[in-house]
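Here is how the chains run, residue by residue.
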Amino acid sequence: MVDIVKFLINPFGTMLGGILMLLVPILIGVAYYTYAERRVIAAAQLRKGPNVVGPFGLLQPFADAVKLLFKETIVPSGSSRLVFILAPMLTFVLAMVAWAVIPVGEGGWFAEGPWVIADINVGVLYLFAISSMGVYGIIMAGWASNSKYPFIGALRSAAQMVSYEVSMGLIIVSIIVCVGSFNLADVVRAQQGLWYIIPHFPLFIVFFISILAETNRAPFDLPEGESEIVAGFFLEYSSMSFALFFLGEYANMLLMCAITTVLFLGGWYAPFDVAWLTWIPGVVWFVLKVCVLAFVFLWVRATVPRYRYDQLMRLGWKIFLPFTLFWVIATAGVLVAFGWLPNA
Amino acid sequence: MAIAALSFYVFAFITLFAAVNVIFARNPVHSVLFLILSFFSSAGLFVLMGAEFLAMVLVIVYVGAVAVLFLFVVMMLDVEAVASRKGLARYASVGGLVGGLLLVELVLIVGGRVGGLPTNTAAPALPIPDMAVRTNTQALGDVLYTDYVVLFQTAGMILLVAMVGAIVLTLRKRSGVKRQNIQKQTLRTIDEAVELKKVEPGSGL
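Chains as they are written, first to last, in numbering that gives the first Met the number 0: chain S, 0 to 343; chain W, 0 to 204.
In case anyone wonders, no lab produced these hints; they're calculated from the structure. Quantities reported herein were computed from a predicted structural model and do not represent experimental measurements.
Distance condition first, Cα-Cα at most 20 angstroms in a straight line; then the derived EDC-like pairs of lysine to aspartate or glutamate:
#	chain 1	residue 1	chain 2	residue 2
1	S	K47	S	D63
2	S	K66	S	E36
3	S	K147	S	E227
4	W	K183	W	E194
5	W	K177	S	D309
6	S	K47	S	E36
7	W	K172	S	D309
8	S	K147	S	D220
9	W	K183	S	D309
A few chain S residues facing chain W, derived, Cβ under 8 angstroms:
#	residue
10	V82
11	I119
12	N120
13	V121
14	Y125
15	A128
16	S131
17	M132
18	Y135
19	I138
20	R313
For every residue, glycine included, the Cβ atom is placed at its ideal position computed from N, Cα and C.
Please put together the full structure from these sequences, using the hints given.
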């Protein structure tokens, strides 16, 4: 409680600087993630990808941004104007605010505690709450467009995100049972020495597949399946509103990678407790881990064919849900049996 | 505390504004969206009171799950915006009666005329733990899984029964429906699926 109230009472003391220091790198990261995606997929398909604008095409994201800014915003007739404009903003804002609780490092020259904007008690629940709201941006876009394909895309997406959230919630429960705290910095601290990917390896796999589905990425990109429903929920979007959707989606992917890093890959800790590895600042390790996971996102997109919708639902409800439920009980059972429960 | 007070008024105003708009919005989908906004700003009020766990659960359960289903249903219904206004005069009296009763009850309770809010903190049945030692999430868990574990489990059972009931009521068997047989599909091998044939020119298969 104290932490959240503190945050609300005095947001300008240390917050504003921290917010800028977090958001600017994230936005640049998102811009270059779109570039990385095109380069990686091009490499996987033996093409060159963007290589003309600037050295190695490095200025491509900025060229894209400028192009989108100067395009005309088209609002389809018969659409619900306000909702249509609000939807991409909501997606983008939600993708940004969730970063407030992600701890990217700890201690050192920069700060006493963890490097995080809001070190709140219920960080994990906050993340879960924000990501469960992400579906509204998509439903609103699909409905407000007043068009068939976006509507179908929105319905698919809503069903998909709600389905996979359930098993993601259970996975988070398993981790929280081991940590004994909802605070994300505590989650990372509990992994010093042993990252949770080792005892919870099957859970890590399930979680990674779930975040692919949660961010509507290949092989679960049915909401925007190009070959079936053109572009899904953002079919009618153009110009800046399209760019906001795009940025929101990619920021969400990076966010999910960051959450996976915090939950399973030991956040800011070096892989081994060796001097020349721990000498590297924690934030570098954190970014490195996020980059590896983000690369896997692209790798999966380049290699795995799209799922059929009934297969997607079957995987979520009939395989992941029972498995994660079993894992929660097994984890709790092991912790109780060996007396390893934290805060007992 | 000025900013805390200001935040309270901002959240309270948005909650009330959204709640009023749930009733008066012309489009049912807009009504649901306003309902979501009002849930969300109520969560903000919870945070201001220091009940961060309740705030997050409100957002996860109501905004993230319940309201999605509302929105689903309302979007699919294709209600005529004008037609839904027709019954306004007919239902206004009933709605007014229920609303009035609720208002009277709230005023009576909060005003302390009947019973009043429990203000006796001298010897409460469940002492409030020290916030520095136990966060309110942990405190809630302490109570929920010890003293009220039976009630908690019963609530879970009732929800489970309701869920099974809903599925039983809506499940229907139809004949002539083609279903996917996942097992058969995944057990298929290349040998039985693909056949290579040498086609002579002009002969066909």
